[in-house]
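Asker: The residues making up each chain are set out below.
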Amino acid sequence: MTDGSPGMHALDAVDRAIIRATQNGLPLTVEPYATLAEQLQLPLEEVMTRLQGMQDSGAIRRIAAVPQHYALGIRANGMSVWDVDDAMVDALGEQVGALPFVSHSYRRPRHPPQWPYNLFAMVHGRDRRQVEAKVAEIARLLGSACRGHDILYSSRLLKKTGLRLSG
Amino acid sequence: MDAIDRALINRLQDGIAVTRRPFRAVAAELGISEQQVVDRLQALVDSGLLSRFGPLYNAERLGGAVTLAAIAVPEDRYEDVAELVNAYPEVAHNYAREHPLNMWFVVSTERPDRLQQVLEDIRHRSGLEVYDMPRQREYYIGLRFEL
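Top line first, the protein sequences correspond to chains A and B.
Its first residue numbered 1, the first sequence is counted upward by one per residue in the numbering used here.
Its first residue numbered 1, the second sequence is counted upward by one per residue in the numbering used here.
It should be emphasised that the hints constitute simulated quantities derived from the structure, not laboratory data.
Any given hint could be a false lead.
Subject to a maximum C-alpha distance of 20 Å in a straight line, what follows is the list of computed EDC-like cross-link-like pairs (lysine to aspartate or glutamate) [claimed, not checked]:
{"#": "1", "chain 1": "A", "residue 1": "Lys160", "chain 2": "B", "residue 2": "Asp80"}
{"#": "2", "chain 1": "A", "residue 1": "Lys159", "chain 2": "B", "residue 2": "Asp46"}
{"#": "3", "chain 1": "A", "residue 1": "Lys160", "chain 2": "B", "residue 2": "Glu110"}
{"#": "4", "chain 1": "A", "residue 1": "Lys159", "chain 2": "B", "residue 2": "Asp132"}
{"#": "5", "chain 1": "A", "residue 1": "Lys160", "chain 2": "B", "residue 2": "Glu83"}
{"#": "6", "chain 1": "A", "residue 1": "Lys159", "chain 2": "B", "residue 2": "Glu79"}
{"#": "7", "chain 1": "A", "residue 1": "Lys159", "chain 2": "B", "residue 2": "Glu98"}
{"#": "8", "chain 1": "A", "residue 1": "Lys159", "chain 2": "B", "residue 2": "Asp39"}
{"#": "9", "chain 1": "A", "residue 1": "Lys159", "chain 2": "B", "residue 2": "Glu29"}
{"#": "10", "chain 1": "A", "residue 1": "Lys160", "chain 2": "B", "residue 2": "Asp46"}
{"#": "11", "chain 1": "A", "residue 1": "Lys160", "chain 2": "B", "residue 2": "Glu79"}
{"#": "12", "chain 1": "A", "residue 1": "Lys159", "chain 2": "B", "residue 2": "Asp121"}
{"#": "13", "chain 1": "A", "residue 1": "Lys159", "chain 2": "B", "residue 2": "Glu75"}
{"#": "14", "chain 1": "A", "residue 1": "Lys159", "chain 2": "B", "residue 2": "Glu110"}
{"#": "15", "chain 1": "A", "residue 1": "Lys160", "chain 2": "B", "residue 2": "Glu98"}
Coverage of chain A stretches by chain B, computed from C-beta distances (three or more under 8 Å per stretch; other residues unrestricted) [to be verified]:
{"#": "16", "region": "68–74"}
{"#": "17", "region": "139–150"}
Stretch-level coverage of chain B by chain A, calculated; a stretch enters the list once three of its residues show a Cβ under 8 Å from a Cβ in chain A [as the list claims (entries may be wrong)]:
{"#": "18", "region": "47–56"}
{"#": "19", "region": "59–72"}
Glycine residues also receive a C-beta, built at the ideal position from the N, C-alpha and C atoms.
Using the sequences and the hints given, assemble the complete structure.
Answerer: Quick look at the structure:
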């Protein structure tokens, strides 16, 4: 998955109604799409076809449980950031992203001198020791292609909402 | 939270299908009814263990724009700047982090041209530099926590 080729999903009014109705969650019933269709006064088939279409185009990543990891005891959330040789960052980034304890991994622009890092890997653990052990594993993987790294721990969640679609 | 709740969370982070009864398989796997699955999910959402259950939309594929932005906020202005930033409906998440760049937030806009307006507006109103760090490449998005 690269962001360079954003096959865009053209939305119409029905898609937008479905997104607005589900961005904070799906109705929790045995037949959630039927409940949604009823709420939107649309045929069930139409709602299911639209959702499947958005999933196929990547507009929906998946329809899933989103854990509140802090509440689940995963208290240490370290954003590990790495200054990796530009020639090697994509190949190494794929390997970092594939590690089971890395939840997201991205290449982002540097802002020197304040910010020399170009690879981000989010590492979660029950405590900082667990996070640090995992970060050491990433450091071994990156080896000499990495010129420096840091871990930014989150000290406070200031805001968290789902995607908001206006209008 | 018991073993069944944990199994549900582990299993349902991967997603359900778009079928008429999408909980049928997981219910059978765990030996409970579909109604019990949805009741448990509702309880997990109500207690805050799940932030939600539903579609995870990719704003960029919907024609919008997303970035990660960071600010070095002076400690004595921290709460005021947090309030200023959080007031934008386009700011989806905002975390305090331990670093000279101590405020990190995700900006997601429906219209791509709105993104830079929001960043510029925050720069102007706070008088602080806002570092724009858009994803240039995504290596993996797992978001999976084994409990």
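Asker: Looking back at the numbered hints, which does the structure fail to meet, lowest number first?
Answerer: 8, 9 and 17
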